[in-house]
Amino acid sequence: MAKTQENPAKLVPVEKDGETPQEQKMTIYEYEEKYVRRQNVRGARFLIGLLAGVIGVFMGWCLFSFTMQLYNLHPYAGYAAAVVSVLIFVFVYIVPLVRILRSDYFITNVNAAHAGKAKRHNRRVRRSIAEKMVEFNNSVAGVGWYDDKLVGDLAKALRTNDDASIKLTLTALYKGKVKKTAKDIIFKCSLKSAAYSAVSQSSRTDALLVAVVNLQMIKDIVFLYGFRPSDTKLVKIFWSVVRNSLTAFGLGSLRIGNAVVKTMGDAARGIPFLGSAISALVDSSIQGLTNGTLTAVIGYQTIRYLNKEYRLQNILDGVEITETQEELAEACEEIKDELKRRPARAPVGA
101 MAKTQENPAK
111 LVPVEKDGET
121 PQEQKMTIYE
131 YEEKYVRRQN
141 VRGARFLIGL
151 LAGVIGVFMG
161 WCLFSFTMQL
171 YNLHPYAGYA
181 AAVVSVLIFV
191 FVYIVPLVRI
201 LRSDYFITNV
211 NAAHAGKAKR
221 HNRRVRRSIA
231 EKMVEFNNSV
241 AGVGWYDDKL
251 VGDLAKALRT
261 NDDASIKLTL
271 TALYKGKVKK
281 TAKDIIFKCS
291 LKSAAYSAVS
301 QSSRTDALLV
311 AVVNLQMIKD
321 IVFLYGFRPS
331 DTKLVKIFWS
341 VVRNSLTAFG
351 LGSLRIGNAV
361 VKTMGDAARG
371 IPFLGSAISA
381 LVDSSIQGLT
391 NGTLTAVIGY
401 QTIRYLNKEY
411 RLQNILDGVE
421 ITETQEELAE
431 ACEEIKDELK
441 RRPARAPVGA
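Following this note's numbering from start to finish, the sequence shown increments by one per residue and tops out at 450.
These are calculated hints, taken from the structure and not from any lab test. All residues carry an ideal CB built from backbone N, CA and C; glycine is no exception. Just to be clear, a hint being listed does not mean it is correct.
To be verified - The list that follows gives simulated cross-link-like pairs (lysine-lysine, DSSO-like), each with its CA atoms no further than 27 Å apart:
no.: 1; residue 1: K280; residue 2: K408
no.: 2; residue 1: K125; residue 2: K408
no.: 3; residue 1: K217; residue 2: K283
no.: 4; residue 1: K333; residue 2: K232
no.: 5; residue 1: K288; residue 2: K256
no.: 6; residue 1: K275; residue 2: K249
no.: 7; residue 1: K125; residue 2: K275
no.: 8; residue 1: K319; residue 2: K292
no.: 9; residue 1: K333; residue 2: K249
no.: 10; residue 1: K134; residue 2: K275
no.: 11; residue 1: K275; residue 2: K288
no.: 12; residue 1: K333; residue 2: K275
no.: 13; residue 1: K292; residue 2: K277
no.: 14; residue 1: K333; residue 2: K408
no.: 15; residue 1: K249; residue 2: K283
no.: 16; residue 1: K279; residue 2: K319
no.: 17; residue 1: K333; residue 2: K219
no.: 18; residue 1: K219; residue 2: K288
no.: 19; residue 1: K217; residue 2: K277
no.: 20; residue 1: K288; residue 2: K333
no.: 21; residue 1: K280; residue 2: K217
no.: 22; residue 1: K256; residue 2: K134
no.: 23; residue 1: K125; residue 2: K217
no.: 24; residue 1: K256; residue 2: K292
no.: 25; residue 1: K125; residue 2: K249
no.: 26; residue 1: K275; residue 2: K408
no.: 27; residue 1: K219; residue 2: K256
no.: 28; residue 1: K436; residue 2: K283
no.: 29; residue 1: K217; residue 2: K249
no.: 30; residue 1: K134; residue 2: K277
no.: 31; residue 1: K249; residue 2: K292
no.: 32; residue 1: K277; residue 2: K319
no.: 33; residue 1: K319; residue 2: K336
no.: 34; residue 1: K333; residue 2: K256
no.: 35; residue 1: K249; residue 2: K279
no.: 36; residue 1: K292; residue 2: K219
Said to hold, decoys possible - Simulated DEER-style distance windows between Cβ atoms:
no.: 37; residue 1: A241; residue 2: G178; range: 37 to 45 Å
no.: 38; residue 1: K217; residue 2: I188; range: 22 to 30 Å
no.: 39; residue 1: G143; residue 2: R411; range: 38 to 46 Å
no.: 40; residue 1: V240; residue 2: V184; range: 23 to 31 Å
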(Lines of atoms letter the chains of each structure in order from A and count residues from 1; the text may use other names and numbers.)
(Lines give C-alpha, C1' and ligand atoms only; values in the text may rest on other atoms or scores of the structure.)
Protein backbone atom coordinates (compact mmCIF):
# COMPACT_ATOMS: atom_id res chain seq x y z
CA MET A 1 0.00 0.00 0.00
CA ALA A 2 1.50 3.31 -1.09
CA LYS A 3 2.09 5.87 1.59
CA THR A 4 0.59 9.24 1.02
CA GLN A 5 2.83 12.18 1.78
CA GLU A 6 1.14 14.74 3.95
CA ASN A 7 2.01 18.42 3.76
CA PRO A 8 3.33 19.81 7.02
CA ALA A 9 0.82 21.94 8.82
CA LYS A 10 1.41 25.69 8.59
CA LEU A 11 0.81 27.88 11.59
CA VAL A 12 -1.44 30.75 10.60
CA PRO A 13 -2.17 33.50 13.10
CA VAL A 14 -5.81 33.48 14.10
CA GLU A 15 -7.52 36.80 13.50
CA LYS A 16 -10.56 37.91 15.36
CA ASP A 17 -13.44 39.56 13.58
CA GLY A 18 -12.54 43.09 12.49
CA GLU A 19 -8.89 42.78 13.53
CA THR A 20 -5.72 42.59 11.44
CA PRO A 21 -2.29 41.39 12.47
CA GLN A 22 -0.52 44.22 14.25
CA GLU A 23 2.48 45.62 12.43
CA GLN A 24 5.74 45.65 14.31
CA LYS A 25 6.54 49.18 15.43
CA MET A 26 9.93 50.81 14.98
CA THR A 27 11.82 50.94 18.24
CA ILE A 28 13.34 54.17 19.51
CA TYR A 29 16.80 52.68 18.98
CA GLU A 30 16.03 52.03 15.30
CA TYR A 31 14.66 55.57 14.97
CA GLU A 32 17.74 56.98 16.66
CA GLU A 33 20.08 55.05 14.36
CA LYS A 34 18.20 56.05 11.20
CA TYR A 35 17.13 59.66 11.77
CA VAL A 36 18.99 61.21 14.69
CA ARG A 37 22.11 63.25 14.00
CA ARG A 38 24.44 64.94 16.45
CA GLN A 39 23.57 68.64 16.68
CA ASN A 40 24.88 71.52 18.76
CA VAL A 41 21.63 73.07 19.97
CA ARG A 42 23.29 75.83 22.00
CA GLY A 43 25.53 76.70 19.09
CA ALA A 44 22.52 76.84 16.77
CA ARG A 45 20.70 79.24 19.09
CA PHE A 46 23.77 81.45 19.29
CA LEU A 47 24.06 81.49 15.49
CA ILE A 48 20.37 82.35 15.14
CA GLY A 49 20.90 85.40 17.33
CA LEU A 50 24.10 86.32 15.49
CA LEU A 51 22.57 86.03 12.00
CA ALA A 52 19.40 87.84 13.08
CA GLY A 53 21.64 90.61 14.42
CA VAL A 54 23.57 90.77 11.15
CA ILE A 55 20.32 91.11 9.20
CA GLY A 56 19.11 93.83 11.58
CA VAL A 57 22.39 95.78 11.42
CA PHE A 58 22.43 95.55 7.63
CA MET A 59 18.84 96.78 7.32
CA GLY A 60 19.47 99.50 9.90
CA TRP A 61 22.54 100.68 8.00
CA CYS A 62 20.54 100.92 4.76
CA LEU A 63 17.79 102.94 6.45
CA PHE A 64 20.35 105.17 8.18
CA SER A 65 22.03 105.87 4.83
CA PHE A 66 18.73 106.97 3.31
CA THR A 67 18.05 109.18 6.31
CA MET A 68 21.45 110.89 6.07
CA GLN A 69 20.98 111.52 2.36
CA LEU A 70 17.72 113.33 3.03
CA TYR A 71 19.22 115.16 6.00
CA ASN A 72 21.96 116.52 3.76
CA LEU A 73 19.28 117.87 1.46
CA HIS A 74 17.24 119.41 4.31
CA PRO A 75 17.39 118.81 8.08
CA TYR A 76 13.61 118.53 8.48
CA ALA A 77 13.45 115.95 5.70
CA GLY A 78 16.12 114.02 7.60
CA TYR A 79 14.11 114.12 10.84
CA ALA A 80 10.99 112.90 9.07
CA ALA A 81 12.99 110.15 7.36
CA ALA A 82 14.40 109.07 10.74
CA VAL A 83 10.91 108.60 12.19
CA VAL A 84 9.76 106.71 9.11
CA SER A 85 12.89 104.55 9.17
CA VAL A 86 12.28 103.54 12.78
CA LEU A 87 8.70 102.53 11.97
CA ILE A 88 9.84 100.59 8.91
CA PHE A 89 12.53 98.83 10.95
CA VAL A 90 10.00 97.78 13.59
CA PHE A 91 7.33 96.51 11.20
CA VAL A 92 9.50 94.88 8.53
CA TYR A 93 12.22 93.44 10.79
CA ILE A 94 11.31 93.25 14.48
CA VAL A 95 7.72 92.03 14.04
CA PRO A 96 8.45 89.26 11.48
CA LEU A 97 11.51 88.10 13.41
CA VAL A 98 9.64 87.86 16.72
CA ARG A 99 6.75 85.98 15.10
CA ILE A 100 9.13 83.50 13.52
CA LEU A 101 11.14 82.86 16.68
CA ARG A 102 8.07 82.61 18.94
CA SER A 103 6.40 79.99 16.77
CA ASP A 104 6.24 76.37 17.93
CA TYR A 105 8.50 73.73 16.45
CA PHE A 106 8.65 69.93 16.53
CA ILE A 107 11.34 68.06 18.44
CA THR A 108 12.54 65.18 16.28
CA ASN A 109 16.29 64.85 16.90
CA VAL A 110 16.04 62.92 20.19
CA ASN A 111 17.47 59.81 21.80
CA ALA A 112 15.80 57.15 23.92
CA ALA A 113 16.10 59.20 27.13
CA HIS A 114 14.11 62.16 25.79
CA ALA A 115 11.83 60.51 23.23
CA GLY A 116 8.80 60.31 25.54
CA LYS A 117 9.01 64.00 26.43
CA ALA A 118 9.45 64.89 22.74
CA LYS A 119 6.36 62.90 21.77
CA ARG A 120 4.25 64.69 24.37
CA HIS A 121 5.61 68.06 23.20
CA ASN A 122 4.87 67.24 19.56
CA ARG A 123 1.34 66.18 20.45
CA ARG A 124 0.74 69.58 22.06
CA VAL A 125 2.22 71.33 19.01
CA ARG A 126 -0.10 69.42 16.66
CA ARG A 127 -3.10 70.43 18.73
CA SER A 128 -1.92 74.06 18.80
CA ILE A 129 -1.51 74.04 15.01
CA ALA A 130 -5.02 72.67 14.58
CA GLU A 131 -6.48 75.33 16.87
CA LYS A 132 -4.70 78.12 14.95
CA MET A 133 -5.93 76.82 11.60
CA VAL A 134 -9.51 76.54 12.78
CA GLU A 135 -9.45 80.00 14.36
CA PHE A 136 -7.87 81.61 11.28
CA ASN A 137 -10.24 79.91 8.85
CA ASN A 138 -13.28 80.98 10.88
CA SER A 139 -12.16 84.58 11.49
CA VAL A 140 -10.66 85.52 8.09
CA ALA A 141 -12.94 85.13 5.08
CA GLY A 142 -11.85 84.91 1.47
CA VAL A 143 -8.20 84.04 2.05
CA GLY A 144 -8.51 80.42 0.96
CA TRP A 145 -5.32 79.20 2.61
CA TYR A 146 -6.88 75.97 3.90
CA ASP A 147 -9.38 73.40 2.76
CA ASP A 148 -12.71 74.19 4.47
CA LYS A 149 -13.79 70.55 4.77
CA LEU A 150 -10.52 69.43 6.34
CA VAL A 151 -10.56 72.39 8.73
CA GLY A 152 -14.06 71.27 9.74
CA ASP A 153 -12.65 67.80 10.41
CA LEU A 154 -9.95 69.42 12.54
CA ALA A 155 -12.54 71.28 14.59
CA LYS A 156 -14.45 68.03 15.18
CA ALA A 157 -11.26 66.18 16.18
CA LEU A 158 -10.39 68.98 18.63
CA ARG A 159 -13.82 68.78 20.26
CA THR A 160 -13.52 65.00 20.70
CA ASN A 161 -9.82 65.12 21.71
CA ASP A 162 -9.04 62.68 18.89
CA ASP A 163 -5.28 63.03 18.47
CA ALA A 164 -5.12 60.42 15.70
CA SER A 165 -7.67 62.31 13.61
CA ILE A 166 -5.83 65.59 14.20
CA LYS A 167 -2.62 64.03 12.91
CA LEU A 168 -4.26 62.47 9.84
CA THR A 169 -6.13 65.66 8.94
CA LEU A 170 -3.03 67.84 9.31
CA THR A 171 -1.13 65.42 7.07
CA ALA A 172 -3.84 65.70 4.42
CA LEU A 173 -3.77 69.51 4.65
CA TYR A 174 0.01 69.70 4.31
CA LYS A 175 -0.03 67.43 1.28
CA GLY A 176 -2.88 69.34 -0.36
CA LYS A 177 -4.04 72.93 0.02
CA VAL A 178 -1.24 74.10 2.32
CA LYS A 179 1.40 72.96 -0.17
CA LYS A 180 -0.33 74.84 -3.00
CA THR A 181 -0.74 77.98 -0.88
CA ALA A 182 2.94 77.90 0.11
CA LYS A 183 3.95 77.78 -3.55
CA ASP A 184 1.68 80.76 -4.25
CA ILE A 185 3.35 82.73 -1.43
CA ILE A 186 6.80 81.91 -2.79
CA PHE A 187 5.79 82.89 -6.33
CA LYS A 188 4.36 86.25 -5.24
CA CYS A 189 7.36 87.09 -3.06
CA SER A 190 9.79 86.11 -5.83
CA LEU A 191 7.96 88.42 -8.24
CA LYS A 192 8.12 91.24 -5.67
CA SER A 193 11.84 90.75 -5.17
CA ALA A 194 12.45 90.71 -8.92
CA ALA A 195 10.24 93.73 -9.61
CA TYR A 196 11.72 95.84 -6.82
CA SER A 197 15.25 95.05 -7.97
CA ALA A 198 14.38 95.91 -11.57
CA VAL A 199 12.93 99.29 -10.58
CA SER A 200 15.56 100.23 -8.00
CA GLN A 201 18.81 101.80 -9.16
CA SER A 202 20.52 101.65 -5.75
CA SER A 203 22.47 98.72 -4.35
CA ARG A 204 21.38 99.56 -0.79
CA THR A 205 17.74 99.69 -1.83
CA ASP A 206 18.08 96.31 -3.57
CA ALA A 207 19.66 94.72 -0.50
CA LEU A 208 17.08 96.20 1.88
CA LEU A 209 14.10 95.15 -0.24
CA VAL A 210 15.42 91.62 -0.71
CA ALA A 211 15.92 91.21 3.06
CA VAL A 212 12.42 92.59 3.77
CA VAL A 213 10.72 90.36 1.19
CA ASN A 214 12.62 87.27 2.34
CA LEU A 215 11.72 87.77 6.01
CA GLN A 216 8.08 88.45 5.14
CA MET A 217 7.93 85.30 3.04
CA ILE A 218 9.42 83.13 5.80
CA LYS A 219 6.97 84.62 8.32
CA ASP A 220 3.99 83.93 6.03
CA ILE A 221 5.07 80.33 5.37
CA VAL A 222 5.62 79.69 9.09
CA PHE A 223 2.19 81.17 9.87
CA LEU A 224 0.62 79.07 7.11
CA TYR A 225 2.08 75.81 8.43
CA GLY A 226 1.55 76.74 12.06
CA PHE A 227 5.09 75.89 13.16
CA ARG A 228 8.65 76.90 12.36
CA PRO A 229 11.74 74.84 11.49
CA SER A 230 13.98 73.71 14.32
CA ASP A 231 16.90 75.87 15.46
CA THR A 232 19.51 74.10 13.33
CA LYS A 233 17.37 74.47 10.20
CA LEU A 234 16.53 78.09 11.02
CA VAL A 235 20.25 78.90 11.08
CA LYS A 236 20.54 77.76 7.45
CA ILE A 237 17.49 79.80 6.43
CA PHE A 238 18.74 83.00 8.11
CA TRP A 239 22.16 82.51 6.55
CA SER A 240 20.44 82.30 3.15
CA VAL A 241 18.72 85.63 3.86
CA VAL A 242 22.09 87.23 4.69
CA ARG A 243 23.64 85.74 1.55
CA ASN A 244 20.77 86.95 -0.64
CA SER A 245 21.02 90.48 0.74
CA LEU A 246 24.76 90.60 0.18
CA THR A 247 24.30 89.21 -3.32
CA ALA A 248 21.69 91.87 -4.10
CA PHE A 249 24.04 94.56 -2.78
CA GLY A 250 26.89 93.22 -4.91
CA LEU A 251 24.78 93.03 -8.06
CA GLY A 252 23.62 96.59 -7.60
CA SER A 253 27.21 97.77 -7.29
CA LEU A 254 28.32 96.19 -10.58
CA ARG A 255 27.67 97.16 -14.16
CA ILE A 256 26.89 93.61 -15.23
CA GLY A 257 25.10 94.71 -18.38
CA ASN A 258 28.05 96.40 -20.03
CA ALA A 259 29.61 93.17 -21.29
CA VAL A 260 26.30 92.25 -22.89
CA VAL A 261 25.95 95.66 -24.53
CA LYS A 262 29.32 95.28 -26.23
CA THR A 263 28.01 92.28 -28.11
CA MET A 264 24.88 94.04 -29.40
CA GLY A 265 26.58 95.10 -32.64
CA ASP A 266 27.35 98.31 -34.47
CA ALA A 267 23.69 99.35 -34.58
CA ALA A 268 23.65 100.26 -30.90
CA ARG A 269 26.88 102.22 -31.20
CA GLY A 270 25.53 104.54 -33.90
CA ILE A 271 22.54 105.76 -31.92
CA PRO A 272 23.25 108.23 -29.09
CA PHE A 273 22.34 107.09 -25.53
CA LEU A 274 21.06 103.71 -26.80
CA GLY A 275 24.05 101.86 -25.42
CA SER A 276 23.61 103.21 -21.90
CA ALA A 277 19.85 102.61 -22.02
CA ILE A 278 20.31 98.98 -23.03
CA SER A 279 22.96 98.60 -20.32
CA ALA A 280 20.53 99.86 -17.65
CA LEU A 281 17.77 97.55 -18.86
CA VAL A 282 20.04 94.52 -18.95
CA ASP A 283 21.43 95.34 -15.51
CA SER A 284 17.93 95.66 -14.05
CA SER A 285 16.60 92.49 -15.69
CA ILE A 286 19.55 90.36 -14.57
CA GLN A 287 19.40 91.76 -11.03
CA GLY A 288 15.66 91.14 -10.86
CA LEU A 289 15.94 87.59 -12.17
CA THR A 290 18.77 86.76 -9.78
CA ASN A 291 17.08 88.22 -6.69
CA GLY A 292 13.75 86.62 -7.58
CA THR A 293 15.39 83.22 -8.03
CA LEU A 294 17.28 83.48 -4.73
CA THR A 295 14.04 84.38 -2.95
CA ALA A 296 12.34 81.31 -4.43
CA VAL A 297 15.23 79.14 -3.25
CA ILE A 298 14.75 80.32 0.35
CA GLY A 299 11.01 79.69 0.12
CA TYR A 300 11.38 76.13 -1.11
CA GLN A 301 14.16 75.51 1.40
CA THR A 302 11.79 76.57 4.19
CA ILE A 303 8.89 74.34 3.14
CA ARG A 304 11.28 71.42 2.59
CA TYR A 305 12.50 71.69 6.18
CA LEU A 306 8.94 72.02 7.50
CA ASN A 307 7.70 68.99 5.57
CA LYS A 308 10.68 66.92 6.65
CA GLU A 309 10.28 67.72 10.34
CA TYR A 310 6.53 67.11 10.23
CA ARG A 311 7.19 63.71 8.63
CA LEU A 312 9.80 62.87 11.29
CA GLN A 313 7.49 63.77 14.17
CA ASN A 314 4.85 61.51 12.61
CA ILE A 315 7.38 58.67 12.53
CA LEU A 316 8.49 59.40 16.10
CA ASP A 317 4.86 59.37 17.26
CA GLY A 318 4.55 55.75 16.14
CA VAL A 319 7.85 54.63 17.64
CA GLU A 320 7.80 52.04 20.42
CA ILE A 321 9.57 53.64 23.37
CA THR A 322 8.89 51.49 26.44
CA GLU A 323 9.41 47.75 26.63
CA THR A 324 6.32 45.53 26.54
CA GLN A 325 4.95 43.95 29.72
CA GLU A 326 6.04 40.49 28.53
CA GLU A 327 9.63 41.66 27.98
CA LEU A 328 9.67 43.37 31.36
CA ALA A 329 8.37 40.20 33.06
CA GLU A 330 11.00 38.08 31.32
CA ALA A 331 13.74 40.50 32.41
CA CYS A 332 12.53 40.31 36.02
CA GLU A 333 12.52 36.47 35.92
CA GLU A 334 16.07 36.43 34.53
CA ILE A 335 17.24 38.73 37.32
CA LYS A 336 15.49 36.54 39.92
CA ASP A 337 17.07 33.34 38.53
CA GLU A 338 20.51 34.95 38.45
CA LEU A 339 20.19 36.02 42.08
CA LYS A 340 19.13 32.49 43.08
CA ARG A 341 22.19 30.96 41.41
CA ARG A 342 24.60 33.27 43.22
CA PRO A 343 25.77 32.19 46.70
CA ALA A 344 24.31 34.14 49.57
CA ARG A 345 26.69 36.71 51.04
CA ALA A 346 27.79 36.07 54.63
CA PRO A 347 26.50 38.57 57.19
CA VAL A 348 28.82 41.40 58.02
CA GLY A 349 30.89 40.72 61.16
CA ALA A 350 30.31 36.96 61.12
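How the hints compare with the structure:
no.: 1; hint: K280 to K408; in the structure: holds (17 Å)
no.: 2; hint: K125 to K408; in the structure: holds (20 Å)
no.: 3; hint: K217 to K283; in the structure: violated (33 Å)
no.: 4; hint: K333 to K232; in the structure: holds (23 Å)
no.: 5; hint: K288 to K256; in the structure: violated (33 Å)
no.: 6; hint: K275 to K249; in the structure: holds (15 Å)
no.: 7; hint: K125 to K275; in the structure: holds (24 Å)
no.: 8; hint: K319 to K292; in the structure: holds (16 Å)
no.: 9; hint: K333 to K249; in the structure: violated (32 Å)
no.: 10; hint: K134 to K275; in the structure: holds (24 Å)
no.: 11; hint: K275 to K288; in the structure: holds (20 Å)
no.: 12; hint: K333 to K275; in the structure: holds (21 Å)
no.: 13; hint: K292 to K277; in the structure: holds (23 Å)
no.: 14; hint: K333 to K408; in the structure: holds (11 Å)
no.: 15; hint: K249 to K283; in the structure: holds (21 Å)
no.: 16; hint: K279 to K319; in the structure: holds (15 Å)
no.: 17; hint: K333 to K219; in the structure: holds (20 Å)
no.: 18; hint: K219 to K288; in the structure: violated (36 Å)
no.: 19; hint: K217 to K277; in the structure: violated (31 Å)
no.: 20; hint: K288 to K333; in the structure: holds (23 Å)
no.: 21; hint: K280 to K217; in the structure: violated (33 Å)
no.: 22; hint: K256 to K134; in the structure: violated (35 Å)
no.: 23; hint: K125 to K217; in the structure: holds (19 Å)
no.: 24; hint: K256 to K292; in the structure: violated (39 Å)
no.: 25; hint: K125 to K249; in the structure: violated (31 Å)
no.: 26; hint: K275 to K408; in the structure: holds (12 Å)
no.: 27; hint: K219 to K256; in the structure: holds (22 Å)
no.: 28; hint: K436 to K283; in the structure: violated (61 Å)
no.: 29; hint: K217 to K249; in the structure: violated (32 Å)
no.: 30; hint: K134 to K277; in the structure: violated (30 Å)
no.: 31; hint: K249 to K292; in the structure: violated (32 Å)
no.: 32; hint: K277 to K319; in the structure: holds (18 Å)
no.: 33; hint: K319 to K336; in the structure: holds (15 Å)
no.: 34; hint: K333 to K256; in the structure: violated (33 Å)
no.: 35; hint: K249 to K279; in the structure: holds (16 Å)
no.: 36; hint: K292 to K219; in the structure: violated (39 Å)
no.: 37; hint: A241 to G178: 37 to 45 Å; in the structure: holds (43 Å)
no.: 38; hint: K217 to I188: 22 to 30 Å; in the structure: violated (41 Å)
no.: 39; hint: G143 to R411: 38 to 46 Å; in the structure: violated (25 Å)
no.: 40; hint: V240 to V184: 23 to 31 Å; in the structure: holds (29 Å)
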